[in-house]
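Q: All chains, full assembly: derive it from the sequences and hints.
So you can see what is in the structure, the chains are spelled out below.
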Amino acid sequence: MRAYLSYFKLRFITHLQYRAAAWAGIATQVFFGFVYIMVYIAFYESGSASLPMQLPQLITYIWLNQALLSLVNLFYKDQELFSLVKTGNIAYELARPKNMYFMWYFKIIGERLSKVVLRAIPFIIFLMFLPEPYRISLPASFEHFLLFLSTMTAGTLLMTSIIALYPIITMHTLNEKGVVGIIISISDIFSGLVVPIPFFPKFLQTISKCMPFQYVSDLPFRIYVGNIGLQEGLIGLIIQIIWIIILITLGYILMQKSLKKVVVQGG
Amino acid sequence: MSYIEVNHITKSFKVAKKKSGLKESFKSFFKRDYKIVEAVKDISFSIEKGEIVGYIGPNGAGKSTTIKILSGILTPDSGKCKVGKQTPWIDRKEYVKKIGVVFGQRSQLWWDIPAEDTFDLLKDIYDIPEERYQKTKEELVEKLNLKDIINVPVRQLSLGQRMRCEIAASLLHEPEILFLDEPTIGLDAISKQLVRDFIKRINKEKKTTIILTTHDMSDIDALAKRIILIGKGQVLYDGSLQKLKNNYANKKYITVNTKDAINIRTKGVLKKEKTKDGYLFTIDSKELNISDFLNVISKKVQIEDVEIDNENLDNMIVNLYEDLKI
Amino acid sequence: MKVYLKHLGLHLKSLLEYKASFITSFLSQIIVFFSYYFIILALFTKFDNIKGFTLYEVLLCFAVIQFGFAFNESFARGLDHFDELIIKGEFDRILLRPKNILLQVCGYEADYTKVSRLIQALIVLVIALINLKIEWSIMKVITLLLMLLSAIAVFFSIFLLAASYCFITVQGLEVRNVFTAGGKHMAQYPIGVFKKGFVYFFTFIIPYAFVNYYPLLYFLGKTNNPLYALSPLLVFVYLIPCFLIFYKGTKRYASAGS
Numbered sequence: 186m187r188a189y190l191s192y193f194k195l196r197f198i199t200h201l202q203y204r205a206a207a208w209a210g211i212a213t214q215v216f217f218g219f220v221y222i223m224v225y226i227a228f229y230e231s232g233s234a235s236l237p238m239q240l241p242q243l244i245t246y247i248w249l250n251q252a253l254l255s256l257v258n259l260f261y262k263d264q265e266l267f268s269l270v271k272t273g274n275i276a277y278e279l280a281r282p283k284n285m286y287f288m289w290y291f292k293i294i295g296e297r298l299s300k301v302v303l304r305a306i307p308f309i310i311f312l313m314f315l316p317e318p319y320r321i322s323l324p325a326s327f328e329h330f331l332l333f334l335s336t337m338t339a340g341t342l343l344m345t346s347i348i349a350l351y352p353i354i355t356m357h358t359l360n361e362k363g364v365v366g367i368i369i370s371i372s373d374i375f376s377g378l379v380v381p382i383p384f385f386p387k388f389l390q391t392i393s394k395c396m397p398f399q400y401v402s403d404l405p406f407r408i409y410v411g412n413i414g415l416q417e418g419l420i421g422l423i424i425q426i427i428w429i430i431i432l433i434t435l436g437y438i439l440m441q442k443s444l445k446k447v448v449v450q451g452g
Numbered sequence: 050m051s052y053i054e055v056n057h058i059t060k061s062f063k064v065a066k067k068k069s070g071l072k073e074s075f076k077s078f079f080k081r082d083y084k085i086v087e088a089v090k091d092i093s094f095s096i097e098k099g100e101i102v103g104y105i106g107p108n109g110a111g112k113s114t115t116i117k118i119l120s121g122i123l124t125p126d127s128g129k130c131k132v133g134k135q136t137p138w139i140d141r142k143e144y145v146k147k148i149g150v151v152f153g154q155r156s157q158l159w160w161d162i163p164a165e166d167t168f169d170l171l172k173d174i175y176d177i178p179e180e181r182y183q184k185t186k187e188e189l190v191e192k193l194n195l196k197d198i199i200n201v202p203v204r205q206l207s208l209g210q211r212m213r214c215e216i217a218a219s220l221l222h223e224p225e226i227l228f229l230d231e232p233t234i235g236l237d238a239i240s241k242q243l244v245r246d247f248i249k250r251i252n253k254e255k256k257t258t259i260i261l262t263t264h265d266m267s268d269i270d271a272l273a274k275r276i277i278l279i280g281k282g283q284v285l286y287d288g289s290l291q292k293l294k295n296n297y298a299n300k301k302y303i304t305v306n307t308k309d310a311i312n313i314r315t316k317g318v319l320k321k322e323k324t325k326d327g328y329l330f331t332i333d334s335k336e337l338n339i340s341d342f343l344n345v346i347s348k349k350v351q352i353e354d355v356e357i358d359n360e361n362l363d364n365m366i367v368n369l370y371e372d373l374k375i
Numbered sequence: 061m062k063v064y065l066k067h068l069g070l071h072l073k074s075l076l077e078y079k080a081s082f083i084t085s086f087l088s089q090i091i092v093f094f095s096y097y098f099i100i101l102a103l104f105t106k107f108d109n110i111k112g113f114t115l116y117e118v119l120l121c122f123a124v125i126q127f128g129f130a131f132n133e134s135f136a137r138g139l140d141h142f143d144e145l146i147i148k149g150e151f152d153r154i155l156l157r158p159k160n161i162l163l164q165v166c167g168y169e170a171d172y173t174k175v176s177r178l179i180q181a182l183i184v185l186v187i188a189l190i191n192l193k194i195e196w197s198i199m200k201v202i203t204l205l206l207m208l209l210s211a212i213a214v215f216f217s218i219f220l221l222a223a224s225y226c227f228i229t230v231q232g233l234e235v236r237n238v239f240t241a242g243g244k245h246m247a248q249y250p251i252g253v254f255k256k257g258f259v260y261f262f263t264f265i266i267p268y269a270f271v272n273y274y275p276l277l278y279f280l281g282k283t284n285n286p287l288y289a290l291s292p293l294l295v296f297v298y299l300i301p302c303f304l305i306f307y308k309g310t311k312r313y314a315s316a317g318s
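From first to last, the protein sequence lines stand for chains R, X and L. Here the numbering used here = 1-based position in the first sequence + 185. Here the numbering used here = 1-based position in the second sequence + 49. Here the numbering used here = 1-based position in the third sequence + 60.
Since the hints were derived computationally from the structure, they do not count as laboratory data. What you are looking at is a predicted structure, and each value in this text was computed from that prediction instead of being measured. Be aware that one or more of the hints could be misleading.
[Said to hold, decoys possible] Derived DSS-like pairs (lysine-lysine); straight-line CA-CA distance at most 30 Å:
no.	chain 1	residue 1	chain 2	residue 2
1	L	K308	X	K84
2	X	K192	L	K308
3	X	K196	X	K249
4	X	K98	X	K301
5	X	K301	X	K320
6	X	K129	L	K311
7	X	K142	L	K73
8	X	K196	L	K73
A: Here it is as structure tokens:
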């Protein structure tokens with residue numbers, strides 16, 4: 186465990202180096218938040234009969250998405266990892282006495298947390314001082330907030346479990362753009378990053394329920410704004426945990442399998 | 050007036066200070082310190098047409114900065130530089146037609162397609178007339194023995210084959226000056242020999258001026274008569290390789306195998322090290338005759354075996370760096 | 061220009077070395093594009109207009125913007141990835157060549173998978189045009205062509221500015237996304253539907269409004285002022301300072317190094 190933690194710490198420090206990137210990241214995400222919100226405001230002002238979310242809820246949803254993007258974004262492109270796989274240098278990693286799957290797992294979490302720690306807190310404080318209607322709202326209730334924290338934690342683990350599969354898939358396809366690219370594009374839609382799930386047509390909402398993506402971000406954010414009740418939220422948390430177990434098991438087994446393959450090929 | 054004239058070139062960069070540790074990382078996240086690094090200061094030298102010059106120095110000495118200035122990529126802070134009648138960083142497009150550059154660690158060949166396709170592209174980039182291009186290409190293919198490899202995707206070539214193609218690519222437009230940056234890095238003995246022989250040949254036949262930077266002293270030994278040594282941004286030695294050798298060749302390494310202990314304090318013994326089977330002495334042969342030295346020892350102890358080595362070029366350079374404290 | 065076209069040819073040849081991965085990448089590009097298209101469709105199932113613009117009017121706007129962006133992503137990829145050129149030292153190599161720097165940079169990379177977006181953008185354009193009842197005239201044909209060309213120009217100028225920024229530092233390049241991806245997201249809708257501040261920003265700082273709003277009003281018959289039809293020409297004027305900044309950047313690079 187110590188080894189994994191120090192791996193985590195190293196990643197964390199590495200990312201702190203990128204100062205300008207962090208400031209630029211905050212500025213970018215503030216801007217993006219505004220862009221999305223502007224579009225919705227224009228739509229809401231044009232009027233409509235039945236809407237699945239109220240505007241303030243939607244705005245808070247969008248801001249949470251931007252502030253916590255590093256924890257929920259399933260887009261992942263790490264040249265180091267992928268080139269390790271593509272060049273076959275992965276064989277050297279085998280020489281290390283630690284399990285590679287979990288090393289990657291901690292590497293990914295380390296990167297993502299370092300980004301969030303630096304960005305999220307000043308970001309959210311800033312959002313609380315924005316003028317109406319752009320201001321971020323407080324959680325629907327204290328219970329909602331607690332449930333949000335738990336589902337957010339589970340969501341982060343779920344995100345990592347999904348991303349940790351990418352290099353393994355790359356090991357099989359030897360191309361990080363193809364299959365992984367398709368997964369990323371699908372997850373983009375179904376995690377609610379572009380449009381919250383309630384705005385989907387009914388049949389797509391049903392399809393979405395069968396995939397893990399909406400449980401990464403859509404679930405916790407909607408709990409926060411009160412769009413999902415406490416009971417439904419608890420069920421969501423259980424589904425999250427089931428997905429995490431499934432995906433980690435899958436990743437671990439696939440990794441062991443592909444490592445054996447690498448050994449047989451002699452790297 | 051020499052062909053290449055470099056006069057009092059100075060160039061400095063602004064570099065961010067890096068600190069280690071979590072706390073320092075946090076600090077520098079908010080505030081960062083910069084320092085000015087003088088990559089080269091007041092460098093001057095001149096090179097005649099058709100010379101081969103070895104440009105050497107430890108990492109970070111300012112080698113690549115000088116090469117970048119000479120090839121027109123960088124503009125110096127001050128100083129003058131003339132190649133023929135041109136200044137490299139002025140009128141870039143015209144100037145670069147005269148030069149070829151090979152980076153040993155970077156490739157200009159397209160990875161996924163045969164080298165010949167890259168050659169065709171270079172023909173258009175350098176506006177080489179079709180006839181001249183065909184002639185030069187054939188010549189290079191013949192001399193570098195490329196016939197079977199220019200039609201294979203570059204990614205399938207060995208490092209040695211790739212380097213040969215790389216060199217050919219840099220010579221298609223028949224440059225007057227060729228910059229070689231570590232051209233033999235990572236190559237096996239045969240490929241190294243091939244590359245060196247070729248460099249000598251084009252230097253002789255086409256009077257191409259060659260500036261070679263390398264850490265491999267055997268490259269220098271095989272190719273360059275003259276070396277320019279740079280350290281901490283300054284020229285420390287500029288002259289013939291032979292002279293440098295003569296200065297340092299009086300150092301001899303004598304390995305004496307013996308079971309006895311040796312205590313000797315004579316002028317001329319520069320260093321004594323204990324080895325597994327005896328001692329390794331470093332002797333200044335100007336101060337102390339080798340046979341005298343052996344005489345003295347053989348009287349004192351029972352010698353099992355003796356081995357005498359001359360200074361090799363690698364050590365010479367290491368010593369030189371040490372002496373010059375760079 | 062010949063050298064640039066040759067670059068494109070060689071990129072195609074390289075690509076054909078990896079057919080399978082090209083096909084999957086192409087597929088994933090189709091899904092990505094579809095997801096953009098999907099957002100608009102999904103929102104229009106809940107709303108029936110955005111400030112008076114209907115679904116197909118918005119789709120027309122969307123198609124023009126996506127076309128311009130995809131064109132640059134396909135054929136000026138090297139400029140989009142300029143930070144990599146600097147980091148890898150490939151820009152040094154370009155400076156060693158006796159040809160126009162900018163064309164060499166553009167030709168450094170070509171992404172043919174993005175051509176799929178180009179095609180899809182044109183398909184959406186056709187769908188929109190069929191469903192809109194346009195009273196065609198020569199002036200309207202010219203307006204549409206100007207919109208498409210200025211869409212290419214507006215993204216090219218942003219790419220140029222972002223590349224120029226790389227001469228100073230390659231850190232914090234995410235800001236570029238504000239103007240490309242962020243701008244693109246907004247400009248999918250006619251700029252005029254947004255709040256004043258944003259409209260001004262995307263009119264005077266980055267001239268998206270001259271690509272997708274003023275000429276659109278004319279094209280849809282919401283105004284008869286021919287100045288609106290010709291307003292995309294301003295985008296080409298905007299390109300000039302962008303070129304100058306880039307060339308200034310190359311000069312700066314020579315004096316600062318990497």
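Q: Run every hint past the structure and note whether it holds.
A: These are the hints, each one checked on the structure:
{"no.": "1", "hint": "K308/L x K84/X", "in the structure": "holds (25 Å)"}
{"no.": "2", "hint": "K192/X x K308/L", "in the structure": "violated (43 Å)"}
{"no.": "3", "hint": "K196/X x K249/X", "in the structure": "holds (21 Å)"}
{"no.": "4", "hint": "K98/X x K301/X", "in the structure": "violated (37 Å)"}
{"no.": "5", "hint": "K301/X x K320/X", "in the structure": "holds (11 Å)"}
{"no.": "6", "hint": "K129/X x K311/L", "in the structure": "holds (18 Å)"}
{"no.": "7", "hint": "K142/X x K73/L", "in the structure": "holds (28 Å)"}
{"no.": "8", "hint": "K196/X x K73/L", "in the structure": "holds (21 Å)"}
Of the hints listed earlier, those the structure fails to meet are numbers 2, 4, in rising order.
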